[in-house]
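Engineer: Residue numbers (this note's numbering), protein chains in the order written: chain A, 1 to 85; chain B, 1 to 155.
It should be emphasised that the hints constitute simulated quantities derived from the structure, not laboratory data.
The reader is advised that the hints may include incorrect statements.
Distance condition first, Cα-Cα at most 30 Å in a straight line; then the derived DSBU-like pairs of lysine-lysine [said to hold, decoys possible]:
#, chain 1, residue 1, chain 2, residue 2
1, B, LYS22, A, LYS11
2, A, LYS62, B, LYS88
3, B, LYS91, A, LYS62
4, A, LYS55, B, LYS91
5, B, LYS91, A, LYS54
6, A, LYS11, B, LYS136
7, B, LYS83, B, LYS125
8, B, LYS93, A, LYS11
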Amino acid sequence: MLHVLNQTDIKSFNTVKREFPYSRILMQIASLDDGEGQLLAVSDSEDSDDDLCKKLHEYLEKDILCIIIGSYVQGGERNAIYSVR
Amino acid sequence: MLYTVSDDGIFTVNCELYILEKRNAAMQFIIDTGASITCCRAKELGVNLEEEDFIVNKASVRYLNGVLKEGNKEYSRDRYSIKFYEVKMNKLKIGTSIVLENVSVWITFDKRFYTCLMGQDILDKLYYMHWSNTKKLLIADNANDLREYVDCMED
Numbered sequence: 001m002l003h004v005l006n007q008t009d010i011k012s013f014n015t016v017k018r019e020f021p022y023s024r025i026l027m028q029i030a031s032l033d034d035g036e037g038q039l040l041a042v043s044d045s046e047d048s049d050d051d052l053c054k055k056l057h058e059y060l061e062k063d064i065l066c067i068i069i070g071s072y073v074q075g076g077e078r079n080a081i082y083s084v085r
Numbered sequence: 001m002l003y004t005v006s007d008d009g010i011f012t013v014n015c016e017l018y019i020l021e022k023r024n025a026a027m028q029f030i031i032d033t034g035a036s037i038t039c040c041r042a043k044e045l046g047v048n049l050e051e052e053d054f055i056v057n058k059a060s061v062r063y064l065n066g067v068l069k070e071g072n073k074e075y076s077r078d079r080y081s082i083k084f085y086e087v088k089m090n091k092l093k094i095g096t097s098i099v100l101e102n103v104s105v106w107i108t109f110d111k112r113f114y115t116c117l118m119g120q121d122i123l124d125k126l127y128y129m130h131w132s133n134t135k136k137l138l139i140a141d142n143a144n145d146l147r148e149y150v151d152c153m154e155d
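Model the full structure from these sequences, guided by the hints.
Structural biologist: The structure is reproduced here in structure tokens:
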């Protein structure tokens, strides 16, 4: 499910990843060098990952810089772990 | 030059991707020295990308073996291969200070793969220095920047 949170406080990526493990997380950032930002939305299943990507591009189209963080397995055994070798 | 701090041993960099002059996407890549290519999910690069277009246009394809576990069965490389298509970038911006031109990012429509990896095809073009005591990884697109940084540290 996609959870749109639109939080306004600044949190580090590591804090947010601990708060939402096994999730892909959309964060608004001020600069590409940042390791912190505002939490916009969370996808906690592979079914909603595409919706999270849509949100990402909606914001980018509005010239709001944001990225998706989080890289954990969320589909259990059906998913490929980040290991392309 | 930029630096990134390890999160439980994982280093990441924030990037902007330009296929033409327009910024097409922004994404966070995991620095994966074991990955041969830089790759991500198609939808993260562009929500309107369709696999059929890549097939029709005969885009370069690579089949890569992700690690996928199915219960207690043995791994099967063929069954778990993931298909990636090449997308040539006009520009890839890493942080605010590094800009690479004419590099490729490989995308997949396979939903089992959903992360973004920066592999050796791009890492080969960069220079690194790791400070174990601070968990910092310094990244530069030329060696002089790193030398100057070390000189400053020694002074």
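Engineer: Against this structure, judge whether each hint is valid.
Structural biologist: Now for the hints, and whether the structure bears them out:
In summary, the hint linking B:LYS22 to A:LYS11 is supported, as the alpha carbons are separated by about 29 Å, within the 30 Å threshold. For the given pair, A:LYS62 sits about 24 Å from B:LYS88 by alpha-carbon distance, which is consistent with the 30 Å threshold. About 20 Å separates the Cα atoms of B:LYS91 and A:LYS62, which keeps this hinted pair within 30 Å; it holds. Between A:LYS55 and B:LYS91 the CA atoms are separated by roughly 23 Å; this keeps the pair inside 30 Å, and the hint holds.
Straight-line distance between C-alpha atoms of B:LYS91 and A:LYS54 comes to about 22 Å, which keeps the hinted pair within the 30 Å bound. Distance check on the hinted pair: A:LYS11 and B:LYS136 sit about 19 Å apart at the alpha-carbon level, within 30 Å; holds. For the proposed pair B:LYS83 and B:LYS125, the alpha carbon gap of about 25 Å is at most 30 Å, so the pair holds. Restraint check for B:LYS93 and A:LYS11: satisfied, since their Cα atoms lie roughly 24 Å apart, inside the 30 Å limit.
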